[in-house]
Each structure stands twice: as C-alpha cells, then as structure tokens.
Amino acid sequence: MADKDSSNTGARGLSGLIAALRRPSVHYSLASLLLIGFVSGIIFWGGFNTALEVTNTEQFCISCHEMRDNVYPEYQETVHYSNRTGVRATCPDCHVPKEWGYKMVRKIQASRELWGKMVGSIDTPEKFEAKRLTLARSEWKRMKNSDSRECRNCHSFDSMDTGKQKKRASVQHEMAIEDNMTCIDCHKGIAHHLPEDMTDEDWD
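Residue numbers (our numbering): 534 to 737.
These are calculated hints, taken from the structure and not from any lab test.
Virtual Cβ for every residue (Gly too), placed ideally from N, Cα, C.
Treat the hints loosely; a few may be bogus.
To be verified - Computed Cβ-Cβ distance ranges for the label pairs, DEER-style:
#1 PHE577 / ARG645: 36 to 44 Å
#2 MET693 / SER596: 17 to 25 Å
#3 GLY722 / THR618: 31 to 39 Å
To be verified - Okay, derived cross-link-like pairs now, DSSO-like style, lysine-lysine, Cα gap no bigger than 30 Å in a straight line:
#4 LYS664 / LYS640
#5 LYS697 / LYS721
#6 LYS650 / LYS660
#7 LYS674 / LYS640
Produce the entire structure from the sequences given, and follow the hints as far as they go.
Below you can see the structure in the form of structure tokens.
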C-alpha cells in the first residue's frame, strides 16, 4: 500500500511538473520561455566568444598605430617572430593567458588601456619612449606574479635538456632551477627593446 501511495505521489509530481512547463505565462508557456532562454544563451555565448577570439589576435593588437608603429617593428626583429623552425609567438601568446579565468581578468585589466588610447597618452614615438619604462615595469610585474605563465606555454624547465644548450645558457638555466627563478627574471627585452632609463632594481 505504501509503495502504491509513493508511486501515485511520484506520478502526480511528474504530471504537475509537465503541467507547469506547459502552463502559459501571459502569452508563452514556461517550456517555451526556457527554450527561448536556452537558445538566446547559446547565441550570446557564441557572439561573446567570437568577440573574445577576435580581440585575441595579432591583427587586432596592431590595429592601433601605437602598437603598430612602436613595439611591433621591434618584435619583428626577434626570434619569436622569425626563426628556423617556423614557430611564431604572437602578441596574445605572450600577453594574454590561455586559461579562461585568467584571460578574462587580463581582458578587464586591458580595457583600462582604452582611456590611454582616447587621450593619446602614447600616440607619438616620443610619448611612447617617455612611458616605455613604466609600461615595461607593469608587464614585468604581471609576468613575475604569474611565474611567467605565458612563457611556460611553450618553455618548461621540465622539458629542457640543458646538456644540449650552449654552455652559458646551460649554466644560467641550472642556476635558475636551483634558485626557483622565473623566465622574466633574466629574459627582459626578449621581444622588445629595453628602456634606456632602467635601474639596477629592474634586474632584481
């Protein structure tokens, strides 16, 4: 008897749920509203993700003349742009995290740079050079705090065979491993010119 009552209760609960989903909410049933919400969510996420990917390309980065005329030519002279293996690290590879959470934080941080674009804080080579050290320090700090996360997308101490490296590189990397150092501790200026007004503290 108890099993029968339980079965009836379950049936009533299921039929009640179905009825609620079919019940009109002014003009549309709840099921229709859920379907509309689901489809709208997919469309929104698709558009959002597309916009995210578009702003995560080298072409987007150099669409502003501040980047195209100042740091991009420097980068084109480096091994990260052209090398014997044909593997290229683009702007977002070094400056934008791949993990979604970290990427969103970085995108929000970068949105503040729009104000600098609007007021023209680095819109001439002279203005850019005057702020080069400030900009570099900001990026060095970000990379230091993340343990050079973006560098490690391609480079890893665990994957290094220091025996195949040149003597100087081998010694330096062995020291870095022992001292728990991170890439940016030594590799400042690897893709862009170093600021002329750096101090000894910038190498600490």
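Hinted pair LYS674 and LYS640, Cα distance within 30 Å: holds, 17 Å
Satisfaction of the hinted span 31 to 39 Å by the C-beta atoms belonging to GLY722 and THR618: Violated, since GLY722 and THR618 (Cβ atoms, about 22 Å apart) do not stay within the stated range.
Straight-line alpha-carbon gap LYS697 to LYS721, limit 30 Å: holds, 23 Å
30 Å Cα cutoff - pair LYS664, LYS640: holds, 21 Å
Pairwise beta carbon distance, PHE577 to ARG645, judged against the given window 36 to 44 Å: violated, 24 Å
Agreement of LYS650 and LYS660 with the hint, judged by alpha carbon distance not exceeding 30 Å: holds, 12 Å
MET693 paired with SER596, Cβ distance criterion 17 to 25 Å: Since MET693 and SER596 have Cβ atoms about 36 Å apart, the given range 17 to 25 Å is violated.
Of the numbered hints given earlier, the model fails hints 1, 2 and 3; all others are met.
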